[in-house]
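These are the residues of each chain, in order.
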Amino acid sequence: MADTTKKTIIVFSGDYDKVMAALIIANGAAAMGDDVTLFFTFWGLNALRKAEKIKTEKGLMQSMFGRMMPRGIKKLNMSTMNFAGMGPMMMNKVIKSGGAMTLDQLLDAAIEQGVKLVACTMTMDLLGFKKEELLDGVEYAGVAAYLAEADEANVNLFV
Amino acid sequence: MADTTKKTIIVFSGDYDKVMAALIIANGAAAMGDDVTLFFTFWGLNALRKAEKIKTEKGLMQSMFGRMMPRGIKKLNMSTMNFAGMGPMMMNKVIKSGGAMTLDQLLDAAIEQGVKLVACTMTMDLLGFKKEELLDGVEYAGVAAYLAEADEANVNLFV
Amino acid sequence: MADTTKKTIIVFSGDYDKVMAALIIANGAAAMGDDVTLFFTFWGLNALRKAEKIKTEKGLMQSMFGRMMPRGIKKLNMSTMNFAGMGPMMMNKVIKSGGAMTLDQLLDAAIEQGVKLVACTMTMDLLGFKKEELLDGVEYAGVAAYLAEADEANVNLFV
Numbered sequence: 001m002a003d004t005t006k007k008t009i010i011v012f013s014g015d016y017d018k019v020m021a022a023l024i025i026a027n028g029a030a031a032m033g034d035d036v037t038l039f040f041t042f043w044g045l046n047a048l049r050k051a052e053k054i055k056t057e058k059g060l061m062q063s064m065f066g067r068m069m070p071r072g073i074k075k076l077n078m079s080t081m082n083f084a085g086m087g088p089m090m091m092n093k094v095i096k097s098g099g100a101m102t103l104d105q106l107l108d109a110a111i112e113q114g115v116k117l118v119a120c121t122m123t124m125d126l127l128g129f130k131k132e133e134l135l136d137g138v139e140y141a142g143v144a145a146y147l148a149e150a151d152e153a154n155v156n157l158f159v
Numbered sequence: 001m002a003d004t005t006k007k008t009i010i011v012f013s014g015d016y017d018k019v020m021a022a023l024i025i026a027n028g029a030a031a032m033g034d035d036v037t038l039f040f041t042f043w044g045l046n047a048l049r050k051a052e053k054i055k056t057e058k059g060l061m062q063s064m065f066g067r068m069m070p071r072g073i074k075k076l077n078m079s080t081m082n083f084a085g086m087g088p089m090m091m092n093k094v095i096k097s098g099g100a101m102t103l104d105q106l107l108d109a110a111i112e113q114g115v116k117l118v119a120c121t122m123t124m125d126l127l128g129f130k131k132e133e134l135l136d137g138v139e140y141a142g143v144a145a146y147l148a149e150a151d152e153a154n155v156n157l158f159v
Numbered sequence: 001m002a003d004t005t006k007k008t009i010i011v012f013s014g015d016y017d018k019v020m021a022a023l024i025i026a027n028g029a030a031a032m033g034d035d036v037t038l039f040f041t042f043w044g045l046n047a048l049r050k051a052e053k054i055k056t057e058k059g060l061m062q063s064m065f066g067r068m069m070p071r072g073i074k075k076l077n078m079s080t081m082n083f084a085g086m087g088p089m090m091m092n093k094v095i096k097s098g099g100a101m102t103l104d105q106l107l108d109a110a111i112e113q114g115v116k117l118v119a120c121t122m123t124m125d126l127l128g129f130k131k132e133e134l135l136d137g138v139e140y141a142g143v144a145a146y147l148a149e150a151d152e153a154n155v156n157l158f159v
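Chains V, R and E are the protein sequences, given in the same order.
So for the first sequence, the numbering used here puts the first residue at 1; every next one is plus one.
So for the second sequence, the numbering used here puts the first residue at 1; every next one is plus one.
So for the third sequence, the numbering used here puts the first residue at 1; every next one is plus one.
There could be a bad hint or two in this list.
Because identical chains cannot be distinguished in the list, a pair is counted as satisfied if it fits within a single copy or across any two copies.
What the hints assert, rightly or not - When the alpha-carbon atoms are kept at most 27 Å apart in a straight line, the in silico DSSO-like pairs for lysine-lysine are as follows:
no. : residue 1 : residue 2
1   : Lys6      : Lys96
2   : Lys6      : Lys93
3   : Lys74     : Lys58
4   : Lys130    : Lys93
5   : Lys6      : Lys116
6   : Lys75     : Lys6
7   : Lys55     : Lys93
8   : Lys131    : Lys116
9   : Lys6      : Lys53
10  : Lys55     : Lys6
11  : Lys116    : Lys75
12  : Lys74     : Lys50
13  : Lys55     : Lys96
Keep in mind that the hints were calculated from the coordinates and are not lab data.
With the sequences and hints as input, model every part of the structure.
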């Protein structure tokens, strides 16, 4: 049965703002002593990509997807007010001037606090992501593992 | 009280990728023996439309919505990387070459596994969908029925 | 531990249709006697803005955001089928002709039923919203308050 010490969030979206919301909740819960697992799937996987280009063997669509999709958390676009990439830059400026954490610092904080980052292997196959393209320390699992964790958690969100 | 044997997902989105995520979770949970109910509302209703044109009496806006919105799960667009419909086609190709299930096969599997598909009657009225336009076997209910089921479930997502 | 008498919804989206879905669920749950808290964050904050222009001191980006983003629940755009603002107008017409509640009436009903409306202070700072710009009666809190409420609820959604 679920108790109140565990949270899961499916990070489906790869939008700067939605990933930020997920990381703020995750960091908040971890700071309160909760176990937190973030399952990155579909476009959310972009947040886990390494910034550098990694050479891998892929099919045509997957190569194209790999080139067109943002490589890592510093490259994510906003779901609205993106202004061709100016939105996230302006957000980062406001965040820094306010002494708050930028998106990549929120991810680092989550890792430091022991938030578990899981990449969905099924959608990795679909979109053509290889493990060597994703951040070190990321774990790999499928929907069964997600459901097992969600069954132990009392708050399960889809972002 | 909630136990761990029931899940609900509100399928608000009619995007190929989000509906796929919902169906993967639903099928996974059903395979593990859970009762799963998917509540299709707003654009998610498009996933339940029959592929053929059904003649119904509608107001102007609802006729227009009916014509412009995708007719059934094979016509859904992706939330990103849609490329005027090429995205889903390419996705389907990758899925088939990998031996995985396409979106419409995931829906068929969900039905076969006894996942309950519910269409939200309130948004059907709003968007002008008639029962004869939606797949056979779909159930019809409103928000009270959703809440009653969510109260019995331990994982409730909004997609 | 969670019982079945409390619900929370994070209203991240400022889309007409998503806010409507959140308010329908909130009103439904409140009508069944549940405690309901809506946490408005990021673009969802637009739904809580007063309709009139309020003079406040803001930085450049935040002024721009303030001007470009919809001022209040009557100005929200649809996530799809928006047609440059015609979508919500047509929706409202259908709603009224069907005797149902428009989006702003749903918000009023939620307030009347005692649904708690909370504005996320962290994203208010980020987007530059001041308390005097938001509706009277709105409460202010951060992620810790959200998590405390979510721990007491049995249904927690992210919209």
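Hint by hint, here is what the structure shows:
Within a single copy, Lys6 and Lys96 get their C-alpha atoms no closer than 30 Å, and across copies no closer than 36 Å, so neither meets the 27 Å cut-off. Within a single copy, Lys6 and Lys93 get their C-alpha atoms no closer than 33 Å, and across copies no closer than 38 Å, so neither meets the 27 Å cut-off. In this assembly of identical chains, the alpha carbons of Lys74 and Lys58 lie at most 27 Å apart whether taken from the same copy (24 Å) or from different copies (26 Å). With identical chains, the CA atoms of Lys130 and Lys93 are at most 27 Å apart between copies only, with a shortest distance of 19 Å across copies and 33 Å within one.
Proximity of Lys6 and Lys116 under a CA criterion of 27 Å is satisfied in both settings, with 11 Å inside one chain copy and 25 Å between copies. In this assembly of identical chains, the alpha carbons of Lys75 and Lys6 never lie at most 27 Å apart, being 30 Å within a copy and 38 Å across copies at closest. Taking the shortest alpha-carbon separations for Lys55 and Lys93, only the inter-copy value of 23 Å comes in at or below 27 Å, while the best intra-copy value is 33 Å. Proximity of Lys131 to Lys116 under the C-alpha cut-off of 27 Å is restricted to the intra-copy arrangement: shortest distance 16 Å within a copy versus 35 Å between copies.
For the identical chains of this complex, Lys6 and Lys53 are neighbours neither inside a copy (35 Å) nor across copies (42 Å), given an alpha-carbon limit of 27 Å. When the C-alpha separation of Lys55 and Lys6 is checked against a cutoff of 27 Å, the pair qualifies neither within a copy, at 37 Å, nor between copies, at 43 Å. Taking the closest pair of Cα atoms, Lys116 and Lys75 come within 27 Å of each other only inside a single copy of the chain (22 Å); across copies the shortest separation is 36 Å, beyond that limit. Taking the shortest alpha-carbon separations for Lys74 and Lys50, only the intra-copy value of 10 Å comes in at or below 27 Å, while the best inter-copy value is 34 Å.
In this assembly of identical chains, the alpha carbons of Lys55 and Lys96 lie at most 27 Å apart only when taken from different copies (25 Å versus 34 Å within one copy).
Violated hints, listed in ascending order, are 1, 2, 6, 9 and 10; each of the other numbered hints is respected by the structure.
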